[in-house]
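Using the sequences provided together with the hints, build the complete structure.
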Amino acid sequence: MDVNGTRFHLLLAEADWAPADGTGLREHGLEWSEGGLTLRSALRRFPPPKGSRDLTPAGRRGAAPDRYGDWFFIGPERTDIRLAPAGEVTSTRYWPREDPAEPPAPGEFQDRTPPGPPSPLTLAGLVVTEHHYLIVGVPAFGGILVFDLHGGGPPVPVLWPDGLDPVDMAPAPGGGAWILDRAPSLPGRARLWLVDRYLRPPGVPVAHHTDFGPVAGAPAPPDAIGPAAPVIVTAADPISVEALPDGTVLVLDRQGPAGPARVIRMRGHEEIPFPLDAGELRGPAHDLAFLPGRGLLVLVDAEGNQAFSYRVTPDEITFTGDYVPIRMFTGKAIVTFGESVYYDMGDRWLPLVARRGNRYEREGTLIPGSFDGGEPGCVWHRLTIDGCLPLGTGLAVESRAADEPGLLAGQPWNDEPAPYLRASGSELAWHRPFPPESAPEGAGTWELLFQRAKGRHLQLRLTLRGNGRSSPRLGALRIRYPRFSYLREYLPDAYQGDEYSASFLDRYLANPEGVNTTVEGLIEAAQALFDVRTVPAEFLPWLASWVGGVLDPDWEEARRRLFIRHAVRMFGRTGTSGGLVRAVRLAIDECPDDSLFLRDDDDGGGFSVRVVEDFRTPRSPADVTAADTGPFRAFLRQRYGQPERLNAAWNLSGAHQVTDFDQMELPEGPPEQPDALRDWTQFVAIVLPAARRAHRFTVLVPVRLDENDSALERRLGLVERVVRAERPAHTAYRVKAYWAAFTVGGARVGLETVVSQGSRFAAVVLGRGHLGAGFLTGAAPWEVGDRFVVGRDGVAGKEMSGE
Numbered sequence: 182m183d184v185n186g187t188r189f190h191l192l193l194a195e196a197d198w199a200p201a202d203g204t205g206l207r208e209h210g211l212e213w214s215e216g217g218l219t220l221r222s223a224l225r226r227f228p229p230p231k232g233s234r235d236l237t238p239a240g241r242r243g244a245a246p247d248r249y250g251d252w253f254f255i256g257p258e259r260t261d262i263r264l265a266p267a268g269e270v271t272s273t274r275y276w277p278r279e280d281p282a283e284p285p286a287p288g289e290f291q292d293r294t295p296p297g298p299p300s301p302l303t304l305a306g307l308v309v310t311e312h313h314y315l316i317v318g319v320p321a322f323g324g325i326l327v328f329d330l331h332g333g334g335p336p337v338p339v340l341w342p343d344g345l346d347p348v349d350m351a352p353a354p355g356g357g358a359w360i361l362d363r364a365p366s367l368p369g370r371a372r373l374w375l376v377d378r379y380l381r382p383p384g385v386p387v388a389h390h391t392d393f394g395p396v397a398g399a400p401a402p403p404d405a406i407g408p409a410a411p412v413i414v415t416a417a418d419p420i421s422v423e424a425l426p427d428g429t430v431l432v433l434d435r436q437g438p439a440g441p442a443r444v445i446r447m448r449g450h451e452e453i454p455f456p457l458d459a460g461e462l463r464g465p466a467h468d469l470a471f472l473p474g475r476g477l478l479v480l481v482d483a484e485g486n487q488a489f490s491y492r493v494t495p496d497e498i499t500f501t502g503d504y505v506p507i508r509m510f511t512g513k514a515i516v517t518f519g520e521s522v523y524y525d526m527g528d529r530w531l532p533l534v535a536r537r538g539n540r541y542e543r544e545g546t547l548i549p550g551s552f553d554g555g556e557p558g559c560v561w562h563r564l565t566i567d568g569c570l571p572l573g574t575g576l577a578v579e580s581r582a583a584d585e586p587g588l589l590a591g592q593p594w595n596d597e598p599a600p601y602l603r604a605s606g607s608e609l610a611w612h613r614p615f616p617p618e619s620a621p622e623g624a625g626t627w628e629l630l631f632q633r634a635k636g637r638h639l640q641l642r643l644t645l646r647g648n649g650r651s652s653p654r655l656g657a658l659r660i661r662y663p664r665f666s667y668l669r670e671y672l673p674d675a676y677q678g679d680e681y682s683a684s685f686l687d688r689y690l691a692n693p694e695g696v697n698t699t700v701e702g703l704i705e706a707a708q709a710l711f712d713v714r715t716v717p718a719e720f721l722p723w724l725a726s727w728v729g730g731v732l733d734p735d736w737e738e739a740r741r742r743l744f745i746r747h748a749v750r751m752f753g754r755t756g757t758s759g760g761l762v763r764a765v766r767l768a769i770d771e772c773p774d775d776s777l778f779l780r781d782d783d784d785g786g787g788f789s790v791r792v793v794e795d796f797r798t799p800r801s802p803a804d805v806t807a808a809d810t811g812p813f814r815a816f817l818r819q820r821y822g823q824p825e826r827l828n829a830a831w832n833l834s835g836a837h838q839v840t841d842f843d844q845m846e847l848p849e850g851p852p853e854q855p856d857a858l859r860d861w862t863q864f865v866a867i868v869l870p871a872a873r874r875a876h877r878f879t880v881l882v883p884v885r886l887d888e889n890d891s892a893l894e895r896r897l898g899l900v901e902r903v904v905r906a907e908r909p910a911h912t913a914y915r916v917k918a919y920w921a922a923f924t925v926g927g928a929r930v931g932l933e934t935v936v937s938q939g940s941r942f943a944a945v946v947l948g949r950g951h952l953g954a955g956f957l958t959g960a961a962p963w964e965v966g967d968r969f970v971v972g973r974d975g976v977a978g979k980e981m982s983g984e
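Per the numbering used here: the sequence shown = residues 182 to 984.
Keep in mind the hints are simulated off the structure, nothing from the lab.
Bear in mind that the values here come from a model prediction, so they are computed numbers and not experimental data.
Treat each hint with caution, since some may be false.
Using C-beta positions, here's what the derived DEER-type ranges look like [claimed, not checked]:
| # | residue 1 | residue 2 | range |
| --- | --- | --- | --- |
| 1 | L602 | S682 | 27 to 35 Å |
| 2 | G811 | P909 | 19 to 27 Å |
| 3 | V534 | H612 | 53 to 61 Å |
Note that CB positions come from ideal geometry on N, CA and C, so glycine has one too.
Next up, the structure:
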């Protein structure tokens, strides 16, 4: 409610914008995107190049990268494995190797007719597991070949008892692999084999090699068994498989040349719902890949010119609308590697990249629910919208009103004026719908004045229009009612005699009323400027100046508000150790909060910034010089107060008595009298070192575990700047990283130290690393943990995965 008593209806969340007919926004050419109502995204199509041909399942060949970015794939004849090293644009044969035969020694017998080359094996399906094994399917002998990419050597054949006809493979979490088997004996179905990290055929036991065993008389534990019974999947034309991090697996069913594609999700032997509508594909599906870090499922159709991504959540699967063109895709596969999906262009592997430039429908219309004005004959005042109308877009508003809800449908729609962008911003006091420094063109509060909307119940029809490349975006809509009329409130009745003239004058005076009401609202809400929780961000420097504070221009808004909220408490401790710690932590902590200023102790607590005063640190007795005579006399004067008490304590008599402390001189050696020796020892070991170390301190800054040298240098520079501004003027200081305090007897576990692998727990790289900033390590496979390495591992110390 504003100062004139005008109220408003608000549309803000997605549910508020729901159409009155109960349908969804997309049915009306609209959608809810990033907190605003926009035109529905239109799929941007990549035009097929002239003379292009559709991809076929026969062109799919298994492909996978290893952990170093080298790509392995089946060759065009399906009889060899090709290797494209990282960064290379061509491939070489990886297997089988063409080793030249050694000629027979002189005098040895040899075949009269040399044997021909062995028949090549047809390969199908390829994958590299997490443990760096390469697996390729061989339908001819119904099994797989296993290559150890770390250890090298010839491949190890693994046979399936009932045969195997692989279609596709995918790495499984934990080091195994999923194998999609066509299963000719099961028409209309496919088999899924989950091969664990031992890579054993079905039913083969896996022996446990361990130094531990059952106690006498206890039964021995059963051996692990290789793949159990396969998962049976009902699929007409399965062509691809992909494993998900939660243990489920996706199977892409092409369903024939006409499609449409279907994705089946299996958890064990149970099929679970996967409501994917792949209507964006223009033909049968060709392959799929999944990005676990972003929850994206990527599909490619047989045209091979464009990829389509879908966001997978526990509740739904939605098309992202990203435009992902593919250039010269040769159709081997699309494969997930790191944080991207890659496709092949000849022997090269390139990442899929979403291109900028959205596409939208050109028009969408919305009729939200009706609004109640609370009284018959209500004159609806004005409409304000927080949104963005870029160049080339527009918004048309129509209204109708009636005193009874049932009469609304019979009323004609009345065109309202086109909304205009308010130069003064929102009509709500201190409300900023868009940051002034980063607001896009056309963003702000748009307004129109209702012309003939009169009746208790109001209905609006909003028509959003765009040019296909841009769309309006409506964030919040406010419908104000009833109108505060300057004509009725401030002018004589004579101005209301003619109905048409009065209507025009009433609407004309509503313009200055809007300006005045906005200004009066700012005055009424002036208290918001004095509360750090509600003051607009642009007024924070002004509010800080009330307490003499100056805000760092690099601080974000939350840090600025925190400083102002506790400025008085912070300034009250200026010059103290606790105040210095708080000033430094306010500047360098990632997420400072109120607890920083509510602590009563002076240190940061735990693994945090510390201020160490030099006079409190361990020290050795000082070397005494003639210049220390004055401090020695002052020490005795403070301790005894009167010369007589000194004479009594030191047993001085006769000519040795002193009548004034200024008569005292430094002894040539340690005194023999016990009290004099005690005073001299305390002066040399405590008082004098403390006086020489007074007004000096060290600021210790903790080192983050993932912080590199350059980041630490920048943070120490920031601390240096803060300490220079906040320290007492008569003091001297040093700023050091925590490891400077890592000394025996000076560092405490959990306070000055954290037990973990820090930023220096990394292998030194020749030409880039620094001595002392890392450690030396062995080359592959010495650093590999899941292999036996000669000279490194004992035979009984691990499980053997291949013997």
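In rising order, the numbers of the hints this structure does not comply with: Result: hint 3 breaks, nothing else.
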